[in-house]
Amino acid sequence: MADSNISVQGYISHHLTDLTVGEGFWAVNLGALGWSLILGTLFIITFAVVGRRATTGVPGKFQCLIEMIIEFVNGCVKETFHVKDKLIGPIALTIFMWIFLMNLMKLVPVDWFPAAAGMVGLALNSSALPEYAADYSFLERVMAHPWSYLTIAPTTDVNITMGMSLGVFILILGYSIYYKGLGGFSKELAFTPFNHWLFVPFNLVLELVTLLSKPVSLGLRLFGNLYAGEVIFILIALVGLAQLPLHFAWAVFHILVIVLQAFIFMMLSIVYLSMAAEKH
Amino acid sequence: MDINATLIGQSIAMAVFVWFTLKFVWPPINAAIEERQKKIADGLAHTDRAEKDLQIAQDKAKEILREAKDQGAAIIKQAQKREGKLIEEATIKANEERDHILAQARAEVEAEKSRLREDLRKQVAALAVAGAERILQREIDDAAHSDILEKLVQEL
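Heads up: the sequence lines are chains L and F, in that order.
The opening position of the first sequence corresponds to residue -3 in our numbering, with each subsequent residue numbered one higher.
The opening position of the second sequence corresponds to residue 6 in our numbering, with each subsequent residue numbered one higher.
Just so you know, these hints were derived from the structure itself, not from any lab.
None of these values were measured; they are calculated from a predicted model.
Treat the hints with care, as some may be off.
Chain L side only, calculated, beta carbon under 10 Å to chain F, not exhaustive [what the hints assert, rightly or not]:
| # | residue |
| --- | --- |
| 1 | Trp22 |
| 2 | Gly36 |
| 3 | Thr37 |
| 4 | Ile40 |
| 5 | Gly53 |
| 6 | Ile62 |
| 7 | Leu89 |
| 8 | Asp153 |
| 9 | Gly159 |
No more than 27 Å apart at the CA atoms, straight line, and that leaves these computed lysine-lysine pairs for DSS-like [unchecked claim]:
| # | chain 1 | residue 1 | chain 2 | residue 2 |
| --- | --- | --- | --- | --- |
| 10 | L | Lys275 | L | Lys82 |
| 11 | F | Lys67 | F | Lys82 |
| 12 | L | Lys74 | F | Lys28 |
| 13 | F | Lys156 | F | Lys127 |
| 14 | F | Lys86 | F | Lys74 |
| 15 | L | Lys74 | L | Lys275 |
| 16 | L | Lys82 | L | Lys210 |
| 17 | F | Lys57 | F | Lys67 |
| 18 | F | Lys57 | F | Lys44 |
| 19 | F | Lys43 | F | Lys57 |
| 20 | F | Lys44 | L | Lys74 |
| 21 | L | Lys210 | L | Lys80 |
| 22 | F | Lys74 | F | Lys57 |
| 23 | F | Lys28 | L | Lys57 |
| 24 | F | Lys98 | F | Lys82 |
| 25 | L | Lys80 | L | Lys275 |
| 26 | F | Lys28 | F | Lys44 |
| 27 | L | Lys82 | F | Lys28 |
| 28 | L | Lys275 | L | Lys183 |
| 29 | L | Lys74 | F | Lys43 |
| 30 | F | Lys44 | L | Lys82 |
| 31 | L | Lys80 | F | Lys44 |
| 32 | L | Lys176 | L | Lys82 |
| 33 | L | Lys183 | L | Lys210 |
| 34 | L | Lys176 | F | Lys28 |
| 35 | L | Lys82 | F | Lys43 |
| 36 | L | Lys80 | L | Lys183 |
| 37 | F | Lys44 | L | Lys57 |
| 38 | F | Lys28 | L | Lys80 |
| 39 | F | Lys43 | L | Lys80 |
| 40 | L | Lys210 | L | Lys74 |
Glycine included, C-beta positions come from ideal geometry on N, C-alpha and C.
Next up, chain L with everything else stripped away, as it sits in the complex (with noise of 0.2 Å):
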């Protein structure tokens, strides 16, 4: 797609903009959002479809697949969640399928989409295309057309990373003070690593960076590695036809990336969980 009338930077930060709506912070990035509900409801619908019908007998083989699943994540949940809790299981399914989902559409090559919604925008609301693109080529209106800014890969968006990330952080606010009484979480807070009156502040900043490194290397670290892959695939769309066998192995590599970030960003969820959860 390296036209000659689109600049190779151009490209690269037309891949990596999303469409907005909104001001400021009130801005919502309608591509990352979007598709992350889309994959999220997916998921559940299917889940829950297969749940509805899981017969106790001889199992189909998809409901096997979910089976398989939903017993890795208990597996994984019950190696190293040691307190009885109800909502763990489903957090860590959630977190893991979701995520999957999300890195799974990295797998879409890069221009496909955002192609097709440019195509579709200047279907639907040709409007709605820039003035300064009147008179280019077809194929450069699909891209100029703001549709096109959608993406369709949510994890490279820092925003979704960092909203899962402080959605786990809640929780651990949540699982902290459920399970050891908002005394016992702020004396935990107050009172370690040094357990001495005079050394309350200084534990206080220590536990307080502790607590707030845990949310934010979670999202910061699923967000570097999608975001570094998706630049990667950006990369090599730009060489030619030289893409062709960069991209596959390129691919291949990253399915190994998608299903371990998932993973890990599961198990560090339940890992923080259940510090927060046990008594030291």
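Given the structure of chain L, go ahead and fit chain F onto it with the hints provided.
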């Protein structure tokens, strides 16, 4: 790319999805898995028990078979013994019968023989008397010599 309201939207969506999973996804599938696990465990225990039962039944069957064999052998032995005895008894009886029949037949034959001899003797005597009568008719009186003829008949 800026931090914006997408982050809040994603957090809310996450809360909703987690709630939905907690309510409609996790319990039914987990229940199905656990129930199946229980079924399989029961089935395995059942198999174990059945195997043990089978072993016991096989042992019992072997025992019964062995007993039956022993009994059969004993019965055959007894029967053989009895058979020998019967044959022996029958042989003795048959021999006795044969001897008896033979003796009877011999006696009968002897009796017939003596009877025939008597008849023969009588006929010969009569013949001799008749011959002598014819000879003597010409010379002697029948009545005068009958005592001699009686004597001859006796001597014959």
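Hints and how they fare:
Of the supplied interface hints, the one on Trp22 of chain L holds, with its beta-carbon coming within about 5 Å of a beta-carbon of chain F, less than 10 Å. Given the 10 Å rule on beta carbons, the hint for Gly36 of chain L holds: about 5 Å separates it from the nearest Cβ of chain F. Taken as an interface hint, Thr37 of chain L checks out: its beta carbon lies about 8 Å from the nearest beta carbon of chain F, inside 10 Å. The criterion of a C-beta within 10 Å of any C-beta in chain F is met by Ile40 of chain L, whose closest approach is roughly 5 Å, and the hint holds.
Taking 10 Å as the C-beta contact cut-off toward chain F, the hint placing Gly53 of chain L at the interface holds, the least distance being around 8 Å. Because the closest C-beta pair between Ile62 of chain L and chain F is about 6 Å apart, less than 10 Å, the hint holds. The closest approach between the C-beta of Leu89 of chain L and any C-beta of chain F is roughly 6 Å, which is under the 10 Å cut-off, so the hint is satisfied. Hint status for Asp153 of chain L relative to chain F: holds, with the closest Cβ pair at about 7 Å, below 10 Å.
Residue-level restraint check for Gly159 of chain L holds (minimum Cβ-Cβ distance to chain F is 3 Å; threshold 10 Å). Simply put, Lys275 of chain L and Lys82 of chain L have alpha-carbon atoms about 18 Å apart, close enough for the 27 Å limit, and the pair holds. With a C-alpha separation of about 22 Å, the suggested pairing of Lys67 of chain F with Lys82 of chain F holds against the 27 Å cut-off. A distance of roughly 20 Å separates the Cα atoms of Lys74 of chain L and Lys28 of chain F; the hinted pair therefore holds under the 27 Å criterion.
Pair hint Lys156 of chain F plus Lys127 of chain F holds up; C-alpha atoms about 13 Å apart against a cutoff of 27 Å. Between Lys86 of chain F and Lys74 of chain F, the direct Cα distance comes to roughly 18 Å. Compliance with the 27 Å bound is thereby established for this hinted pair. Distance hint between Lys74 of chain L and Lys275 of chain L is fulfilled; the C-alpha atoms sit about 17 Å from each other, no more than 27 Å. For the suggested pair Lys82 of chain L and Lys210 of chain L, the alpha carbons sit about 23 Å apart, so the restraint of at most 27 Å is met.
Under the criterion of a C-alpha separation no larger than 27 Å, the hint pairing Lys57 of chain F with Lys67 of chain F is consistent with the structure, at around 15 Å. Annotation: proposed proximity of Lys57 of chain F to Lys44 of chain F holds, straight-line Cα distance about 20 Å (limit 27 Å). Restraint check: the Cα-Cα separation between Lys43 of chain F and Lys57 of chain F comes to about 21 Å, which is no more than 27 Å; the hinted pair holds. Between Lys44 of chain F and Lys74 of chain L, the direct Cα distance comes to roughly 22 Å. Compliance with the 27 Å bound is thereby established for this hinted pair.
Of the pairs offered as hints, the one joining Lys210 of chain L and Lys80 of chain L holds, with about 23 Å between alpha carbons and a cut-off of 27 Å not exceeded. The hinted pair formed by Lys74 of chain F and Lys57 of chain F meets the criterion: a straight-line CA distance of about 26 Å does not exceed 27 Å. Proximity of Lys28 of chain F to Lys57 of chain L is assessed by CA-CA distance (about 24 Å); at most 27 Å being required, the pair is judged to hold. With a C-alpha separation of about 24 Å, the suggested pair Lys98 of chain F and Lys82 of chain F falls inside the 27 Å cut-off, and the hint holds.
For the hint pairing Lys80 of chain L with Lys275 of chain L, the CA-to-CA distance comes to about 14 Å; that is within 27 Å, so the pair holds. About 25 Å separates the Cα atoms of Lys28 of chain F and Lys44 of chain F, which keeps this hinted pair within 27 Å; it holds. With a CA separation close to 11 Å, the supplied pair Lys82 of chain L and Lys28 of chain F stays within the 27 Å bound. For the given pair, Lys275 of chain L sits about 12 Å from Lys183 of chain L by alpha-carbon distance, which is consistent with the 27 Å threshold.
A C-alpha spacing of about 19 Å is found between Lys74 of chain L and Lys43 of chain F, which places the hinted pair at or below 27 Å, so the restraint holds. Between Lys44 of chain F and Lys82 of chain L, the direct Cα distance comes to roughly 24 Å. Compliance with the 27 Å bound is thereby established for this hinted pair. Between Lys80 of chain L and Lys44 of chain F, the direct Cα distance comes to roughly 24 Å. Compliance with the 27 Å bound is thereby established for this hinted pair. In summary, the hint linking Lys176 of chain L to Lys82 of chain L is supported, as the alpha carbons are separated by about 17 Å, within the 27 Å threshold.
Taking the CA atoms of Lys183 of chain L and Lys210 of chain L, the gap is near 19 Å; set against the 27 Å cutoff, the hint holds. About 25 Å separates the Cα atoms of Lys176 of chain L and Lys28 of chain F, which keeps this hinted pair within 27 Å; it holds. With a C-alpha separation of about 20 Å, the suggested pairing of Lys82 of chain L with Lys43 of chain F holds against the 27 Å cut-off. Restraint check for Lys80 of chain L and Lys183 of chain L: the C-alpha separation of about 23 Å stays at or below 27 Å, so the hint holds.
For the proposed pair Lys44 of chain F and Lys57 of chain L, the alpha carbon gap of about 19 Å is at most 27 Å, so the pair holds. Restraint check: the Cα-Cα separation between Lys28 of chain F and Lys80 of chain L comes to about 17 Å, which is no more than 27 Å; the hinted pair holds. This hinted pair checks out: Lys43 of chain F and Lys80 of chain L have alpha carbons roughly 21 Å apart, not beyond 27 Å. With a C-alpha separation of about 21 Å, the suggested pair Lys210 of chain L and Lys74 of chain L falls inside the 27 Å cut-off, and the hint holds.
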